[in-house]
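Using the sequences plus the hints, can you model the full thing?
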Amino acid sequence: MTRLSRSALALATLGFSATILAGCGSSSPSAAPAPINAAVIALPTQTSPNWWFPVISSADYGDSNFQMNVMMYVPLIHISKTDGVNYNRSLAKSVVSNATGTRYVITLNKKWHWSDGRPVTAQDVVFTWDILQATSTGASNLPWGYGGAGSGGIPTRWTSVQAKGTDTVVVTLNTPSNPNWFIHNGLAQIVPVPSFVWNRYPHNMIKELQFIQSVANSPNNAVYRVVDGPYHFDQMVPNDYWSFVPNPQYDGHRSSLKKVTFQYETSAASEFLGLRNGTINVGYLPTSEWKARNQLSNDVMTTPYAFGFTFLQPNYNPQAPGGLGPIFQKLYVRQAMAMGIDQPAILQAFFHGYGVLENDPIPSRPKTVFYDSALSKLIYPFDPAQGKKLLENHGWQMENGVMTRHGVKLEFTLLFISGSQSAANIVQLVKQDWAQEGIVVNLQSGPFDQVLSTAQQSDPTHWNMAFWGTSSWTYEPDYYPTGGSFYLTGAGANQGGYNDPNMDTLIKASYAPGNSNQIKNALDAYLSYAAHQLPVLWLPYTPSFNEHSTNLHGTVKTYNPITTFMYPNYWTISNSPS
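FYI, the numbering for the sequence shown is -22 to -1, 1 to 556, going by mature numbering (1 follows the signal peptide of the UniProt record, and there is no 0).
Hints are computed from structural coordinates only; laboratory data are not their basis. From a predicted model like this one, the values you see are computed outputs, not experimental measurements. Treat the hints loosely; a few may be bogus.
As the list claims (entries may be wrong) - Result set (SDA-like, lysine to any residue): computed pairs, CA atoms no more than 20 Å apart in a straight line:
(1) Lys409 x Gly379
(2) Lys59 x Lys345
(3) Lys308 x His384
(4) Lys89 x Tyr228
(5) Lys71 x Gly230
(6) Lys237 x Phe211
(7) Lys535 x Thr280
(8) Lys237 x Val223
(9) Lys409 x Gln364
(10) Lys387 x Thr439
(11) Lys185 x Ala112
(12) Lys88 x Val148
(13) Lys355 x Gln511
Claimed, not checked - Each pair of labels, with its calculated beta carbon distance range:
(14) Asn378 x Lys269: 38 to 46 Å
(15) Ile14 x Gln227: 22 to 30 Å
(16) Gln227 x Asn493: 41 to 49 Å
(17) Gly492 x Thr137: 17 to 25 Å
(18) Ala200 x Val386: 48 to 56 Å
(19) Arg96 x Ser72: 19 to 27 Å
(20) Asn495 x Gln422: 42 to 50 Å
(21) Pro216 x Val418: 33 to 41 Å
(22) Ser58 x Pro479: 30 to 38 Å
(23) Thr78 x Ser275: 53 to 61 Å
(24) Arg96 x Ser234: 25 to 33 Å
(25) Ser494 x Ser118: 40 to 48 Å
Positions of the beta carbon are idealized from the N, C-alpha and C atoms, including for glycine.
In structure tokens form, the structure reads like this:
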């Protein structure tokens, strides 16, 4: 939600959209300014990196963890700002497919080395694939599962991944596939680790996964010292900061910054104060501080849109509390709920008119070739009276202020992230408007990591609906924006347990090869179906209100709205604001 990240619930570090964001205790009025030639980056509110191995578990599939991986490891495929492939920054020098898109020959660029001097090899790619494959099977005996399972055909479409010598990997699929889709969504998920460091149990995958899990949140462990990315992990203080120093052996663009620190945030006031006094030089403007933005006289605000969407996630599982899983499965119920969401009011009241109305998984901003203009108007515009009538037409009746049918009440708890006034404002308005339809919502907040770990299908008995904040999902690693990561039955980021054979068919059809018109039509068919079927409840999509100090250069130029990653190794700092 990539990650909810998201995937993948996607709360991009730099691109976390318009939420009340926070600073830790070090962001106080007396704190010293950020040191020269270093960057201090504010993390999303109450969000901690907690999984450092590049194959990220479904319970920890968030953008902050992806960002940490980018600091230390080079991906097999680097996705560019225009959603293309940049082979200069990829481990792969080239990828050549056969005519049917079932065989891919990957040639590695020999320039890349691990920080101990050893070359990155095909065996490192194969080992990392072995971990991806094992954690994507859904087997009940696995210690943990991969959050990207289902996207890029992982694992069912992949027949074999073989090393041919030290520099060549051959991937074979069992189904003809669109090479653009497979390279973006399949191969791009492989972020190799050094197999000579990590392959502790070559004949026992369960022990290997248990070992990875045991060190996943221990970045000081020796296994993380050998990297091929631009930075080495430096040090951490839990719930305070995580810092990096340059990797002097990096074979790409080396960092001129001496240190990069990601700082834990707990309150909007202290994060804003950190920006104002210079202890944070990359952060974001809390919408609650909108009128005070002129106080950030040494900062620049930008409003980029990450490639993603925002939504409320129903829990469709029959074991969900109150018997509401099967109720949410009914399309007319979701239609009624969509009619109770006032998207224009959300944008005007909470985001100062910034943002776009959202109707399907691909909003109109940022502009991409994937957007379907035929879906520009809301299919279910705000009309709570019509929503209530729709419920009544299906036998629901108001009893003590709650719509009730056959003893089941449309009353449930909505989990949402704490520390974000924007998130709190949105759910309060939705609660108020749904009440007009007889839908009663009890609001419960918690830190992002807690909401993400709770709202899973591994134990569906503790939640009914979840909201991860604006930019709930960004498209990584599903850079070719099909629904395989989150709407395909059994997908790793399918937190709601959505299951629709027609949706599955349309998603898989969008993977198929064809001419440009056939490929576009297949994706549009999926988008139209998703827009009408409401696998999630769409919310308006908003930009990030990013701030960076005027003496820090390159943050805007190098920010990638497709991956939502920051690349501090391309940043520079001048001695004084400019």
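A quick look at each hint next to the structure:
Under the criterion of a C-alpha separation no larger than 20 Å, the hint pairing lysine 409 with glycine 379 is consistent with the structure, at around 13 Å. For the given pair, lysine 59 sits about 12 Å from lysine 345 by alpha-carbon distance, which is consistent with the 20 Å threshold. A distance of roughly 15 Å separates the Cα atoms of lysine 308 and histidine 384; the hinted pair therefore holds under the 20 Å criterion. Under the criterion of a C-alpha separation no larger than 20 Å, the hint pairing lysine 89 with tyrosine 228 is consistent with the structure, at around 10 Å.
Restraint check for lysine 71 and glycine 230: the C-alpha separation of about 14 Å stays at or below 20 Å, so the hint holds. For a cut-off of 20 Å, the pair hint linking lysine 237 to phenylalanine 211 stands: about 10 Å separates their Cα positions. This hinted pair checks out: lysine 535 and threonine 280 have alpha carbons roughly 11 Å apart, not beyond 20 Å. Our distance criterion of 20 Å between C-alpha atoms is met by lysine 237 and valine 223, whose separation comes to about 5 Å.
The straight-line distance between the Cα atoms of lysine 409 and glutamine 364 is roughly 17 Å, inside the 20 Å bound, and the hint therefore holds. A C-alpha spacing of about 17 Å is found between lysine 387 and threonine 439, which places the hinted pair at or below 20 Å, so the restraint holds. With a C-alpha separation of about 12 Å, the suggested pair lysine 185 and alanine 112 falls inside the 20 Å cut-off, and the hint holds. A distance of roughly 17 Å separates the Cα atoms of lysine 88 and valine 148; the hinted pair therefore holds under the 20 Å criterion.
With a C-alpha separation of about 15 Å, the suggested pairing of lysine 355 with glutamine 511 holds against the 20 Å cut-off. Evaluation of the 38 to 46 Å hint for asparagine 378 and lysine 269 yields a pass: the beta carbon distance comes to about 41 Å. For isoleucine 14 and glutamine 227, the hinted distance range of 22 to 30 Å is satisfied, since their beta carbons lie about 24 Å from each other. Checked against the hint of 41 to 49 Å, the C-beta distance between glutamine 227 and asparagine 493 comes to roughly 45 Å, which is consistent with it.
Our hint of 17 to 25 Å for glycine 492 and threonine 137 holds, since their Cβ atoms are close to 21 Å apart. Checking the proposed 48 to 56 Å range against alanine 200 and valine 386 shows it holds: the Cβ atoms sit about 54 Å from each other. The hint said 19 to 27 Å for the Cβ distance between arginine 96 and serine 72, and at roughly 22 Å that hint holds. Between asparagine 495 and glutamine 422 the C-beta distance comes to about 47 Å, which sits within the given range of 42 to 50 Å.
Here the CB-CB span from proline 216 to valine 418 is close to 38 Å, well matched to the stated 33 to 41 Å. One distance hint, 30 to 38 Å for the beta-carbon pair serine 58 and proline 479, holds here, with the actual separation near 35 Å. Against the hinted window of 53 to 61 Å, the Cβ-Cβ separation of threonine 78 and serine 275 comes to about 59 Å, which satisfies the hint. Arginine 96 and serine 234 have their C-beta atoms about 26 Å apart, which keeps the hinted 25 to 33 Å range intact.
Evaluation of the 40 to 48 Å hint for serine 494 and serine 118 yields a pass: the beta carbon distance comes to about 42 Å.
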